[in-house]
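Let the sequences and hints guide you as you build the complete structure.
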Amino acid sequence: MPVTRAEAELWGCLALAKVFSPERLLLVTEFAGAAGRFARLMLEVCGVSLDEGLSRGMWSSSLSGDGARAVFDAVCREHSLPESGEPDDVTPIPHGDGLPAFLRGAFLARGSIQSPGSGYRAEFICGSEPVAEYLARALSALDFTPKISARRGSFCVYLRESGQLEDLLTVMGAKAASLEVMNQTVYKSLRNSANRVTNCETANIVRTAAAAARQLAAIRLLRQSGGFDTLPEGLRRVGIMRLRWPEMSLTELAAKMRPPLSRAGINYRLNKLVEMAEASQLTINS
44 MPVTRAEAEL WGCLALAKVF SPERLLLVTE FAGAAGRFAR LMLEVCGVSL DEGLSRGMWS
104 SSLSGDGARA VFDAVCREHS LPESGEPDDV TPIPHGDGLP AFLRGAFLAR GSIQSPGSGY
164 RAEFICGSEP VAEYLARALS ALDFTPKISA RRGSFCVYLR ESGQLEDLLT VMGAKAASLE
224 VMNQTVYKSL RNSANRVTNC ETANIVRTAA AAARQLAAIR LLRQSGGFDT LPEGLRRVGI
284 MRLRWPEMSL TELAAKMRPP LSRAGINYRL NKLVEMAEAS QLTINS
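Each residue of the sequence shown is one higher than the one before, starting from 44 at the first, in the numbering used here.
Because the hints were derived from the structure by calculation, they are not lab data.
The model shown is predicted, which means the values in this text are computed figures rather than measured ones.
Glycine included, each C-beta is placed from N, C-alpha and C at the ideal position.
Treat each hint with caution, since some may be false.
Unchecked claim - FRET-style restraints, in silico, Cβ to Cβ:
(1) Pro65 x Asp186: 48 to 58 Å
(2) Ala75 x Thr251: 54 to 64 Å
(3) Thr251 x Arg280: 16 to 26 Å
This is how it looks when you write it as structure tokens:
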């Protein structure tokens, strides 16, 4: 008989539960909604009620004794699991509508999404390497590219890149969350672009100010040495304009000239003034 979506989702919860054994089933989460969903799935699929509690901000849903044994055996039988209850290389993954439901259950049990503001990452914390490899197979079946890393006695299956996060959330039925990730992605991209533009503009301003300071120093030194008045009229006019508008860019200064000069033309004349000042062996502060 095909596995229903509810059965597949419950299997996802149990596969990543804190404890899944013949003696006890235990799911621990900081989210009341996830604990409630797990309890409803157990009641719908297995017809049993869980013991629920809250301690130090963490919600727990558990089942012990004969009830745990009955559920454990039924899940192992339904999903072709070994006697240990831990999937192996030949354990089939859910298919069809059951696969997204399985991932949704696994995410409810021990999944999280790192804030897009600090980097894109979806994580599933698994209690053993075989479970991590089984989950990675399930994700790969939907064209995701999961990676596995060991972490303090557990194994983390994770996805990177905003596109994978958006697709995962959509597959699991969390379309509103997927749209939020998309919005954050666009915002981050625009913010980074704005920062790049700002940094570029700042660098341009610094370069312009440094060049203008050098030009002003050159013109003043030429005037002090008496050489300014002997310059060709074109150079003297450019020097006077630079002294009058020291903060202007080359483009703005060129437009002020009468007749107007090109940016290249005024840049050539100002550089010529600097060269003449340097040639006179006068010290120019950069």
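Results of checking the hints against the structure:
1. Separated by about 36 Å at the C-beta atoms, proline 65 and aspartate 186 break the suggested range of 48 to 58 Å.
2. Distance hint check for alanine 75 and threonine 251: the Cβ-Cβ separation is about 59 Å, which falls inside the suggested range of 54 to 64 Å.
3. Range check, threonine 251 to arginine 280: about 21 Å between beta-carbon atoms, so the 16 to 26 Å window is met.
When the structure is compared with the earlier hints, a violation turns up for hint 1 alone.
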